[in-house]
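Trainee: Go by the hints and put chain B onto chain A.
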Amino acid sequence: MPARIEPLAITAASATSALGRGLAAHLDALRNGRSGLAPNDFSSAPLDCRIGRVAGVEDAPLPAPFARWECRNNRLAWLGLEQDGVRAAAARAVERYGATRVALVLGTSTASIGATEAAYRRLDHGHFPDDLRRPEIHTPHSLVAFVAAATGIGGPALTISTACSSSAKAFASAERLIRLGLVDAALVGGVDTLCDSVLFGFHSLALVSRTGCRPFDLGRDGISIGEAAAFALLERVDAAPTAPRLAGYGESSDAWHMSTPQPDGRGALAALDAALARAGIHSDAVDYINLHGTATVKNDEVEAKLLPRFPARARASATKGFTGHTLGAAGALEAVLALLAIEHGFVPPSLGCARPMPEAAAWLALQPEVRRIEVALSNSFGFGGNNTCLVFTRGEPA
Amino acid sequence: MNTLPALRIAGVGAWLQGAPDWPSLRSVLLGERGLADTAPVKPAANILPAAERRRAPDGVRLAAEVAAQAVAMSGLDAATLPCIFASTHGELAITDYVCETLAHAPLELSPTKFHNSVLNAPAGYWTIATGCTRASSAITAHHRSFAAGLLEAAVFACAEATPVLLACCDVASTGPLAEMTRTTLAFGMALVLAPDAAAGARLTLALDAAPAAAPGPAGLALARAAGDNPANAQALLLLAALAATRSTRQALALSSGSSLEMEITP
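Here the protein sequences come in this chain order: A and B.
Just so you know, we're using this note's numbering here: the first sequence kicks off at 3 and counts up by one.
Just so you know, we're using this note's numbering here: the second sequence kicks off at 882 and counts up by one.
Honestly, the hints are just simulated from the structure, not real lab data.
Here a beta-carbon is modelled for each residue, glycine too, at the ideal position from N, C-alpha and C.
Take these hints with a grain of salt, some might be off.
Just a sample of chain B residues kept apart from chain A, beta carbon distances all over 12 Å, derived [to be verified]:
| # | residue |
| --- | --- |
| 1 | Q898 |
| 2 | L957 |
| 3 | A1022 |
Label pairs and their calculated CB-CB ranges [to be verified]:
| # | chain 1 | residue 1 | chain 2 | residue 2 | range |
| --- | --- | --- | --- | --- | --- |
| 4 | B | G956 | A | A66 | 49 to 59 Å |
| 5 | B | P930 | A | R311 | 11 to 21 Å |
| 6 | B | A1087 | A | A400 | 32 to 42 Å |
| 7 | B | S908 | A | R238 | 27 to 37 Å |
| 8 | A | P243 | B | T884 | 45 to 55 Å |
| 9 | A | P243 | B | A1042 | 49 to 59 Å |
| 10 | A | V299 | B | R936 | 29 to 39 Å |
| 11 | A | A90 | B | P921 | 35 to 45 Å |
| 12 | B | A1094 | A | H129 | 26 to 36 Å |
| 13 | B | T1126 | A | G87 | 46 to 56 Å |
| 14 | B | G956 | A | R238 | 57 to 67 Å |
Among chain B residues calculated to face chain A with C-beta under 10 Å, some are [said to hold, decoys possible]:
| # | residue |
| --- | --- |
| 15 | A931 |
| 16 | C964 |
| 17 | A1040 |
Okay, chain B solo, but in the shape it has when bound:
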């Protein structure tokens, strides 16, 4: 058995500077409009209480924003949704700060920045803000983080017969680390995957025992739009398929030996 039972995509969220929600990013992907040039630099993340929002690092704000959009579209209660937060690098600006501080004045490390540096900071802030007591997770798989997160969320939804929230976000890299973790802009997206929903695009996933082929010209253009972050490019591939009007099949690189085949029927 390599194929998972079909799921519905019950909610979608997205944020990219100039396309701060799924309807506007969908229009951009369909070529109906370009990115807005008078757009806010940071996601609103209004779901976080004001005090938390001030404390929250950029990656947390981004994850909270896209997750809230997806949950709102699904009509489900965030408190009831197991959630999985995927990211290639986590809070890159904080990693830069922590390493810089440790190199010169380790005793001056900020405790708040330290606890914000964990990869599960978005999961922590999100579950606190929404009162979610279900399982929450933070995962990564370097350049395949979106595919790995999508599989993890879909497997959870099928195994436990529950809708699941998936968010995949990366912020721009900064400092000397940027040469090793090239990501030129913040991009985040979220999905609510539901096993028994009547509405929403149909998603079928299968494991394929072959590494995915290198991306073609369209894939490379998406990678550039995604800030040269390959996991973001994987996520945009799914969003482009969702924006399309006909059924599409794509293979996403999942690991050194496997790929994740996804079929999306809008």
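Bound-form chain A, shown alone:
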């Protein structure tokens, strides 16, 4: 088991998803059980399903100095940076520590592939159209390169792309950079946007629900795809003792199959155990688990096998019925939702789950619940058997 780590303070955080822009919109939707899923109106020939689309991205071009980064994914990144003072907090970190003492680690699975798809739809005699002849957006690194330019962060700048665990792993990579003293702060997060690759790709795997995802419901029949931008600024605890904390994380590989999880849950459990060990926290002390809960038959069946690890009083929920599965952004988005649960003392419900799987029912919150949360976990499991579990705790009393 890994050794305990020093926790890190989360000095700024925000999320933008189908639930709206910023923390207040997410808090309101989660408390009132209001889903952001809506009928699919994305792409020229929309599949019959529901999606979690962020409103208004089409009407929010990047500011002129960033025009070369223009694409839906970077627009969503910019919208996300502008909420809850994230960009200002990053600027303060750059000012305080120096640009090269701040790292940028973001997860994404789609990056700006939507722009590459658009170029293929509009090929001009086999060549990309003039407005899309920009190599910097036809790379999975486009998000990080843009955010570095937009924030002035000049330290290590890394894209993690491990499918649905991408932005959860960003927290782990950033912690290691800070622990070794290479940087003093890190902006972490994830941004994924709706595009044909994921809508038709998951459809081809027969993993998309037509009627909307129902995590941990007996009748669950697949995912709803969403888009989101979520960010968190990590600093050492002495910079902000009362701020909530990243207490631990665990990463593992299933070594099983490219697109289905290891059936007895061993891989996921290894990530969970490593996360608790780094945090120095026993599973009995866990108050809330934000489950990966994609609502595919297999994922939820395997993830339910982790629940007996927790005490009967622990509460669990999957929030993808609110936001859809935001893929590479899901780890960071759900980390921010777990932080909201700690800060505001409530458990978000597993929206969409009406008939819970019996093996999970004892832990699942089906309605919003008011309760004090000291320790919250967030699970993220990706294609290729890539697992990450994050542990968050409350800061010192103010």
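Mentor: Frame of chain A; chain B shown alone:
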């Protein structure tokens, strides 16, 4: 603290058409021989089970081949090594196929090609083939992907006191996308970095708060040899330093504001 504790390079793997392993590429870098002209077009990737090898896209075969070489040289068990797979572009031929199919017949998209299109396909196939349950990752940083992967692997090795496998691979670009992602040939390399090994070249890394200088004539020649892919050129710079007999220092571009200084003592 800008400097990481020293690591040893306990294993090296490489594949380039005409130099299908590290000893042959080392000879080429030392000028002892040229690239073999009767070389296989694809890496053998024998570590993948036959059925997986048939399904695996070119980038996965390349990554599995170089990773297996590096692990074999290290004498370590692949199942115990956390692994990081770096790439500038991922599976370029599959990206071309996916975008082409989506433009004309989106409902005909192949599910296998879709799940092979993720940047972590090599990490997935590798961990499945070797039974590795440790952390695995897939990273990119466009033209600085090798430097970013090297830093990520070295930081993991130092922070967790464990040997780590790093592979850095790109396949040739194809289709209309090639104009945006110029890479003219497949090239891959892998390293096993170990914090406490007794043997192997010594690697010391430090962050420098200045962007790296533009490559000189030698660097430009390496870039051409690396298929005009700048991340591959970064990787060849390290391999050339490993092939040399004396200690060398190089700076690799890492991000818009930083470079990664590496000192290698064979």
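Trainee: Where does the structure disagree with the numbered hints, that is, which hint numbers, in rising order?
Mentor: 3, 5, 7, 8, 9, 10, 11, 14 and 15
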